[in-house]
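Trainee: Quick note: the sequence shown, position 445, residue 1274 per the working numbering, numbers continuous.
Take these hints with a grain of salt, some might be off.
For lysine-lysine, the following BS3-like pairs were computed, each having C-alpha atoms within a straight-line distance of at most 30 Å [what the hints assert, rightly or not]:
1. Lys1151 - Lys1064
2. Lys982 - Lys1126
3. Lys1064 - Lys1240
4. Lys982 - Lys1240
5. Lys1024 - Lys883
6. Lys1138 - Lys1068
7. Lys1064 - Lys1024
8. Lys1313 - Lys1250
9. Lys1064 - Lys1244
10. Lys1068 - Lys1240
11. Lys1024 - Lys948
12. Lys1250 - Lys1301
13. Lys883 - Lys990
14. Lys1068 - Lys1151
15. Lys943 - Lys877
16. Lys1064 - Lys1032
17. Lys1244 - Lys1301
18. Lys1306 - Lys1068
19. Lys1075 - Lys1032
20. Lys1306 - Lys1240
21. Lys1313 - Lys1068
22. Lys1306 - Lys1294
23. Lys1294 - Lys1283
24. Lys883 - Lys1032
25. Lys1240 - Lys1250
26. Lys1024 - Lys985
27. Lys883 - Lys948
28. Lys1294 - Lys1244
29. Lys1244 - Lys1151
30. Lys982 - Lys1024
31. Lys1313 - Lys1244
32. Lys1283 - Lys1244
33. Lys943 - Lys1024
34. Lys1151 - Lys1065
35. Lys1107 - Lys1024
36. Lys985 - Lys1151
37. Lys1075 - Lys1064
Think of the hints as simulated: they come from the structure by calculation, not from any bench.
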Amino acid sequence: MAAFKGITGLTKALASMTTSTTRISCLPAIKKNYFTYVNEPSMPIPGKEPCWLKTADEAIEQACLDSDQIVFIQGAAATPIESIRAMTDYGVRCDVRNVRLYHMHLEGPAPFAKPENAKHFRSMSLFIGGNVRGAVNEGNADCVPIYLHEIPKLFKLGYIKPNIALIHVSPPDCHGYCSLGTSVDCVRSAISNSKYIVALVNKHMPRTFGDAIVHVSHIDYAVQHDVQLPTHPAKKPSKEEEQIGKNIAENLILDGATLQLGIGSIPDAVLSNLTNHKDLGIHSEMFSDGVLQLVEKGCITNNQKTMHKGRIVGSFCIGTEKLYEFMNDNPFIEMLMVDYVNDPKIVAKQPKMTAINSCIEVDLTGQICSDSIGTRMYSGFGGQLDFISGAAMADDHCGKPIIALQSMTKKGESKILPVLKLGKFLLQSAGVVTNRAVVRYIVTEQGIASLFGKSLQQRAYELIKVAHPSHKESLEKAAFERLKVMPAP
């Protein structure tokens, strides 16, 4: 990617950054004026430039982080890891208390989530990642159950009013426009409604288009910080995952279909089995390296799409450097906000919409648990129901809502259960993310269960068919105890 060349005013600001005196002298540039309150991030604010600082520590200090404030943090591959470190250090050093942090999945360390920092920061995760999962389940952090497409409303309607937004952007171009790069999702809404914006400006951040474009004048404090983005190299699918991918690709995906897939071995296994398909499209909250091969082979063209024809539509992503290079300055990709991409009404308009999502477990009636193991929180609602329901109500009646999972855990336990897993004290079961009425297909390595229009008795029969053979007998017995009849087609 091209190095930051900047625009005249910004280059001068960077060149003059030598002492703390210089830093303080640039503060008048961030005074608020009429244009500041026009919250459209792509509209330049006349006469305003960011205050360029040398370090994230200086930026956090100048943004006046204080007790009882709200901070929004951009996530996924765009996680501003250095700003998080600086924020945590400042909060501990200055004994800042009760700062609430709103974010989706974050990459890298989460020092704010350490038990000893619980009095300073409280994570309010909109989608739980592995680095805060322990804190959530130990009571040192919290989570917000919410559909992904509704998260931007929290900021637009004033339910969450950030004092500071920590973001990670590409350098400004000759017109002063930065890009949110790999993570647009709810970020645009958050920064439009934040008092101060602190940005890491990174030459390695892909320059993407659509809702990713933000004028540099909206940034209050900027730090040049050139580091490689977090990566998630693809893992080789297991034998079972490969079979799941084959079951879906060969039986449920048509030529000309629009696809939504997440990240992981099962989505990659599906994509690797689509090399003979034609004119596929992508309309997905996220995508990863698995799409690249199909683009290169001409299988993904987006030619049959009726909206955003000829372009991949996404909202955030994480993958390898190859994926980030593919995204950089590529008009073939539109990165849009999740309140649009994940809106079930928009999803329903895509031709032959095929939504493929995974889960933790499913019960014999088709209830899907994706966010918890028993009562222990694991992730979040994400966009699963957004896309599953959108595909189910597809305008062309050709939508396919699919849940894919291996039939057993690594410990040999069935993922198809009589009832969803009970919590520690047997008072409550795992939560339902996707209800039994909206799921059409459950796919395991054992086959495909078709549930649409099926009774409870028929559903149990279909699901036991795709369970692991070692658990079928016990599931039949459990189904009889629950339904008072034997499962039957």
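Trainee: Kindly indicate which numbered hints from before are broken by the structure, ordering the numbers from low to high.
Mentor: 2, 4, 6, 7, 15, 19, 21, 29, 35, 36
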